[in-house]
Amino acid sequence: MSIDKETARRVAHLARIEVADDQLEHLAGELNGILGFMEQLNEVDVDGVEPMTSVTPMRLPRRADVVTDGDQQAAVLKNAPDAREGFFAVPKVVE
Amino acid sequence: MSELNTLTIADARDKLRAKEISSVELTEACNAAVAASDALNAYSVKTPEAALDQAAAADARIAAGDAPDMCGIPLGIKDLFCTKGVESQAASNILSGFKPEYESTVTAKLWDAGAVMLGKLNMDEFAMGSSNETSAYGPVVSPWRRDGSDTALTPGGSSGGSAAAVSGDLCLAATGTDTGGSIRQPAAFTGIVGVKPTYGRVSRWGTIAFASSLDQAGPMTKTVRDSAIFLSAISGHDAKDSTSADLAVPDFEAALTGDIRGKKIGIPKEYRLDGMPDEIEKLWAQGTDMLRDAGAEIVDVSLPHTKYALPAYYVLAPAEASSNLARYDGVKYGHRAKLEAGEGIHEMYARTRAEGFGPEVQRRVMIGAYVLSAGFYDAYYRKAQRVRTLIKKDFEDVYATGVDAILTPATPSAAFGLGEMKDVDPVKMYLNDVFTVTVNLAGLPGVSVPAGLDAQGLPLGLQLIGKPWEEADMLNTAYALEQSVGFVSKAAKWW
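These protein sequence lines are chains A and B, in that order. Going letter by letter, the first sequence gives residues 1 to 95 in my numbering. Going letter by letter, the second sequence gives residues 1001 to 1495 in my numbering.
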């Protein structure tokens, strides 16, 4: 599997990272180098091997479904680049 | 009294309790060392006044008796840990100016125990790197230099600020985090001890996430004893981290008897790499002899999937990172890009992330997005998860034969020069993690112990890999190794 310029554009979009058009070739080259390294995994026979989902054999703990925290609006908004009237503010989304 | 900043945690604790010194005196000595250390670029934020307040409170607690071991001990904190009201940026421009409204569990435990924060420590951006050169604050310079040379060397990464600060006596000890070797590799490069605990031993809550199934925080210290003391203070169950283990925390220091008679130490043949420097090979053989002389039984073992650990890691870690780093969108905290007329929220997301993330982080986020995308998920991500199962099974099989710990080199070389790896393929830099990354994939504890100097006078480390939850036994073996090696070298002060 090899990444061309168009795939690089798509990957950058998926990652929501702006990449200038004239940088896409270079990016594709870099990504191909890393993916080439990963191709070694194809040498491994993984038939019947379960994919690991948890490194320690444990069940995720459950907790009571109750409110344990809250009333932290000011703290939540404290670091926002733009907060107004108790909300995060962003550029207009709906025309 | 001078040079208090060169004390170990254990010695400082004993002197504090004996009232030979105060925490304020100790903290003043560290503050002075930190203030004079700008050439190393180890600290990204210095908090000398808050440190003195904490030290005064610690002195009061010590005077009242019954103070914990870490009470009054001045520490450096890696920038990955959220510290309330103090910049916590993961060395990234995307978190520019971020001051958390909360405290990470690890640091909260340390402050509850009376420890003192000297400041925040530089690191690779989002802990992605092996040389500290991906930091938005610029690289850390190692206190160590090659004999007769003033070439600036890397302290390793990603916990490079922590390693430089501990080895340069800019604190008594520091926190680090380790996703693929980020505690053990810099510890080895700077002649200090670094411990990656069993996955789940230390809470991840409030530590900025890189790859959640691999990340663990741990101590970086001057001695094995100090690591044992420090690890006891930060370990334990935390309801705020669902992967934190609900297991009792042993007294790790009490386990340090130095008696390893009858212990079985495995030497894995797959860690003998082609082209490995003779010095590393020799160091490994010497360490093996030392453990044998101390009464351990040495056995050859095989970890057949070792070769596939790095490629599996470089699928899994970026995949998790691309998901974890999705939260940096210019809305909730940190940097937001400026928009031109007519641009909207999509441009805001993409430009914010292009401006805020450095090149290595961008690369990994994009690789992660690719291996998780429709059509490639099975070929890369699921495949790597399966290989991870096999890598863990390799260790289980070895431990099932009665092996207590595994001895390996910590790194494939000594520290390299800053900028030396600049123009090489990113994959080349990844090879730094070749001996450490298996441990994260298998969720095991590992420790790097200083084991000698190379021909140019630079530190080299050996790694011990323990059984899950057996940090106490692993640290005791590390202690026996430390006693045999008798490593006392320090970097000559030039900064």
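Don't take every hint at face value.
Below, simulated DSS-like cross-link-like pairs (lysine-lysine); rule was C-alpha separation at most 30 Å, straight line [stated by the list, open to error]:
no., chain 1, residue 1, chain 2, residue 2
1, A, 78, B, 1109
2, B, 1046, B, 1109
3, A, 92, B, 1338
4, A, 5, B, 1393
5, B, 1393, B, 1338
6, B, 1240, A, 78
7, A, 78, B, 1282
8, A, 78, B, 1393
9, A, 92, B, 1332
10, B, 1264, B, 1282
11, A, 78, B, 1428
Hints in this document: simulated from the structure, not taken from any laboratory.
Hints, verified against the model:
1. A:78 x B:1109: Cα-Cα ~24 Å, so holds.
2. B:1046 x B:1109: 20 Å, holds
3. A:92 x B:1338: Holds, because 14 Å separates the two Cα atoms, which is no more than 30 Å.
4. A:5 x B:1393: 39 Å, violated
5. B:1393 x B:1338: Given that 30 Å is the threshold and the Cα spacing comes to 50 Å, the pair is violated.
6. B:1240 x A:78: 22 Å, holds
7. A:78 x B:1282: Judged against 30 Å, a Cα distance of about 55 Å means the pair is violated.
8. A:78 x B:1393: Violated, at about 46 Å.
9. A:92 x B:1332: 16 Å, holds
10. B:1264 x B:1282: Distance ~21 Å between residue 1264 (chain B) and residue 1282 (chain B) Cα, so the pair holds.
11. A:78 x B:1428: With Cα atoms ~41 Å apart, residue 78 (chain A) and residue 1428 (chain B) exceed 30 Å; violated.
The structure shown violates the earlier hints numbered 4, 5, 7, 8, 11.
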